[in-house]
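Engineer: We have chain A already, so just place chain B on it with the hints.
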Amino acid sequence: MTSKNLGRVTLAALPFVLALLIDLTLYATVEDRLPDRLAVHFDAGGSADRYMSLSAYLLYTVPSLLVPGALWALITVRGKPHGRAHRWLTGGGFAVAAFLGYLLIAVLFVNVDVPEGGSADGFPLWHIAAALAAAALAGALGMLLSRLVPVPEDPRDLDPATRERIVLAEGEVAAWGRGIGAWWALVAVLVLLAAGVTVGLEQNWFIGAPLIVLALVIGTFSRPHVTVDRRGLTVSGLLPRPRVRVPLERMEAAGSRSVNALAEYGGWGYRIRPERSGVITRSGEAIVISLTSGREFAVTVGDSATGAALLNTLLDRQRAGR
Amino acid sequence: MLFRVDPTSTVPLGDQIAASVRRAVAEGAVAPGERLPAARALAESLGVNVHTVLRGYQRLREEGLIELRRGRGAAITAGASPQRARLLERVREAVADARDLGMTEDELLALVRSELDA
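Residue numbers (UniProt numbering), protein chains in the order written: chain A, 1 to 322; chain B, 1 to 118.
Don't take each hint at face value.
[Claimed, not checked] FRET-style restraints, in silico, Cβ to Cβ: (1) B/Ser9 / A/Leu238: 31 to 39 Å; (2) A/Arg257 / B/Leu87: 32 to 40 Å; (3) A/Arg243 / B/Arg61: 26 to 34 Å; (4) A/Arg271 / B/Glu115: 35 to 43 Å; (5) B/Ala94 / A/Arg257: 41 to 49 Å.
The hints are simulated quantities; they were obtained by calculation from the structure and are not laboratory data.
Note that the structure is a prediction, hence the values are computed from the model and not measured.
Using N, Cα and C, we set each Cβ at its ideal position, and we do this for glycine too.
Looking at chain A on its own, in the form it has when it is part of the complex (with noise of 0.2 Å):
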């Protein structure tokens, strides 16, 4: 690990581990004045409907914030996210410590001084108004916090000018194909289909059919096609439709680059991010796309140099009005 991601590291983790600090700490202050028994679980009306034990408290408490700040820390090093994404990340972090962190503290303290064998008196309500507004508080400290710390510059494409061409002769025509080896997706049809039939045929079918619907949908795009061709570029399914395809008139240029999947374009699928959009099957190497309208579109696909080549030696002789 470097030293830049062991501060980035150190600050994604950091709510989370200050949360549980203090949460223990308190527990330290009032533990002889709790009872054996602790009310942790309570009604909409707030009236205590679960009891846990003092070290079962303990056994829940620690990992229900470690566990995120561990989550957290592994997105920031394998996601790398930069710029806003890490902006908002950090602040996310720290607004979801703080909501736990006085959520549990809360229910400990509502069980302070409640006589032996008893039962809590309530968990007033306006604790989670209090939560949400401490969780808003320690977001935007994140958030500035996060400027502190140094990330990696948006990852931007180099001159059009000094990109690669595939050497076409005059009027001769060519077409690039590769398939995109998206194995999850069949997974994620199987596990929809399931699910909609089970919601379908136990709940009601309003739900159930939308998500058949869906998974259909996605099995169609179980194994994508990328076509580069004197059309543009093409993202097919096993059908004809649904399809997304960029014409050549909306591109700049086309460039081959590592992407990252969680950090650029915050999952996999067919994302469309403020500033950029694509078909991410993984994080590695794609086609990205420079979009006369200053976006970008990517596809990850193997071999995308040559795909990028081809895009660029047929936008020059577009330009050329060939």
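Structural biologist: Frame of chain A, contents of chain B only:
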């Protein structure tokens, strides 16, 4: 896989499509098991007739580079190594040279057979 066809060339378009696949295999750009685009889709991409593409695919099948399965499309065969693709290219060159020299089919086959027996 990069496909390129030149309509002004004297080489039939189907053969040019087959040559594109052969080149990709020879350069190691495609691996066994990889699928070729559906004939209809490739025909639209290149602006050629779908039968032209199918003729090219048929030729590749005869050479053992691809297998055609009904409903599953065309895929590179397990035995399609770069060496095999390069050998096919050299055979094509040898046949073309023999034709240029005015040799008959039997004469060329006799030549190959004598080389095999040697």
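Engineer: Confirm or reject each hint.
Structural biologist: Hints versus structure:
1. For the pair B/Ser9 and A/Leu238, the beta carbons lie near 34 Å from each other, so the given range of 31 to 39 Å is met.
2. Taking 32 to 40 Å as the suggested C-beta distance range, the pair A/Arg257 and B/Leu87 conforms, at roughly 36 Å.
3. Against the hinted window of 26 to 34 Å, the Cβ-Cβ separation of A/Arg243 and B/Arg61 comes to about 28 Å, which satisfies the hint.
4. For A/Arg271 paired with B/Glu115, a C-beta distance near 58 Å fails the hint of 35 to 43 Å.
5. At roughly 43 Å, the beta-carbon separation of B/Ala94 and A/Arg257 lies within the given 41 to 49 Å, and the hint holds.
Taken one by one, the earlier hints fail for this structure only at number 4.
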